[in-house]
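Participant: One-letter residues, chain by chain:
Protein chains: 2
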Amino acid sequence: MSKISEDILLIDGLEYCNWNRELFENAHQAGLNAIHATLVYWENTEESFEKINYWHRLFKEHHDIIAHAKTTEDILDAKKNDKVAIIFGFQNSAPIANDIFLIEKFFEAGVRFMQLTYNNQTPLAGGCFEPKDSGVSRFGKAVIEEMNRLGMIVDLSHAGKQTCLDAIEVSNKPVAISHANPNFFHKSKRNIDTDILQKLVKKNGFIGLSLYPYHLKNLGDCTIEDFL
Amino acid sequence: MSKISEDILLIDGLEYCNWNRELFENAHQAGLNAIHATLVYWENTEESFEKINYWHRLFKEHHDIIAHAKTTEDILDAKKNDKVAIIFGFQNSAPIANDIFLIEKFFEAGVRFMQLTYNNQTPLAGGCFEPKDSGVSRFGKAVIEEMNRLGMIVDLSHAGKQTCLDAIEVSNKPVAISHANPNFFHKSKRNIDTDILQKLVKKNGFIGLSLYPYHLKNLGDCTIEDFL
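Chains as they are written, first to last, in the working numbering: chain Z, 1 to 228; chain W, 229 to 456.
In case anyone wonders, no lab produced these hints; they're calculated from the structure.
Keep in mind the model is a prediction, meaning the values are calculated, not measured.
Be aware that one or more of the hints could be misleading.
Covered stretches of chain Z (in silico footprint by chain W; criterion: 3 or more residues with CB under 8 Å from a CB of chain W, positions within the stretch not fixed) [stated by the list, open to error]: (1) 50-60; (2) 94-105; (3) 116-125; (4) 183-189.
Take a look, some chain W residues computed to stay more than 12 Å from chain Z by CB distance [claimed, not checked]: (5) Glu243; (6) Glu253; (7) Glu274; (8) Lys288; (9) His296; (10) Lys298; (11) Tyr346.
No residue lacks a Cβ here, since even glycine has one placed at the ideal position from N, Cα and C.
All chains, full assembly: derive it from the sequences and hints.
Facilitator: Structure (structure tokens):
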């Protein structure tokens, strides 16, 4: 497959895979310039640092086609050198446990996205599967401020509604919902209400659409207008 | 000081100290039969197991006057042998992080009390300092069931009001509020509303009164009747 364009950056907004040479080659041949790769969900601090080490072994083994990106410059360099840039992300806040200083340590190691929650409640906020969403907690507010300071993106995928509204309000930088669909397209606990989308957009946030089957309706039932 | 009575068990409901020989001797000479000792607050899994190892060094060093208690029988044995029994407790759920199987591992190591929260929100529940108390979360419900199964006491000190109400409801065994006072005596975020106390008592739970200054009013303002 030929490269889509020399003028745009083609970024895969989220992937979690059991990575191997073939998958990296597929991404490379498809012309992807970058992938936001999920490192961990429920792993604790130590396991999360181990996963970063695992990725450094992958970078060494597949250095001809992938490279670690910590900055926009790194992504542009990867494109110039015909490599796929890998951006680290966490789909949960389990790695930082109760320790706010760990955010900077993970940031230094290259982590650029962190979700406040993964379906369930965390010390930071409420998940989308909780019958009662706490919203952003005291510690969650401090964590968002620290992520803002460092430049780590607050990802609200898998968060509850009140948590989304609170986090958009609290964050002084745009936040992301990296993988979910609008509820007006298909209603699901993981999808997002219109009032959240409106607030998100007003603060220059973004949503990445999801192809996970439970976030989609039968495509026969809808047209492209449903996505717009 | 002489022993208070041969017929009763005198148990200190909660202590957190930088333990040393003198403190153990004080407890022993005062005739205490047991102490519920707080091992950790914010420590993670590994640090909590390390604290258990630290206690085993204390048991070895001071074996003439203290002993580890995992059962009522152990407390009675300690009394018979003129030793102070030590009961392990956690003032937070940080040690188990997101791993329900850790509860049994800590139980086997002798932990008999665990608080769901310590002022702030946890994956299990809401703390008494949170402006919005989530109540018991999905994971919190599963944790209480597991604690009930094992025989580890759910301690609601430092929990939010909704969390107290939910936990008393969810637990099929009596729960404890090991250290707090009634709000009718002195209003404080850490003290307990009457409706909670009523529900607690109906399910055979208990509250241990607290001597921490912020949980007390000026004693000149009240009489012993305030405590009854």
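Participant: Decide, hint by hint, whether the structure agrees.
Facilitator: Hint check:
1. 50-60: violated (count 0)
2. 94-105: holds (count 3)
3. 116-125: holds (count 5)
4. 183-189: Result for this restraint: violated, n = 0.
5. Glu243: Consistent with the label, Glu243 of chain W stays out of reach of chain Z, its closest Cβ about 23 Å off (over 12 Å).
6. Glu253: holds, 35 Å
7. Glu274: Per Cβ check, Glu274 of chain W is inside 12 Å of chain Z; nearest 8 Å; violated.
8. Lys288: holds, 29 Å
9. His296: holds, 27 Å
10. Lys298: holds, 27 Å
11. Tyr346: violated, 9 Å
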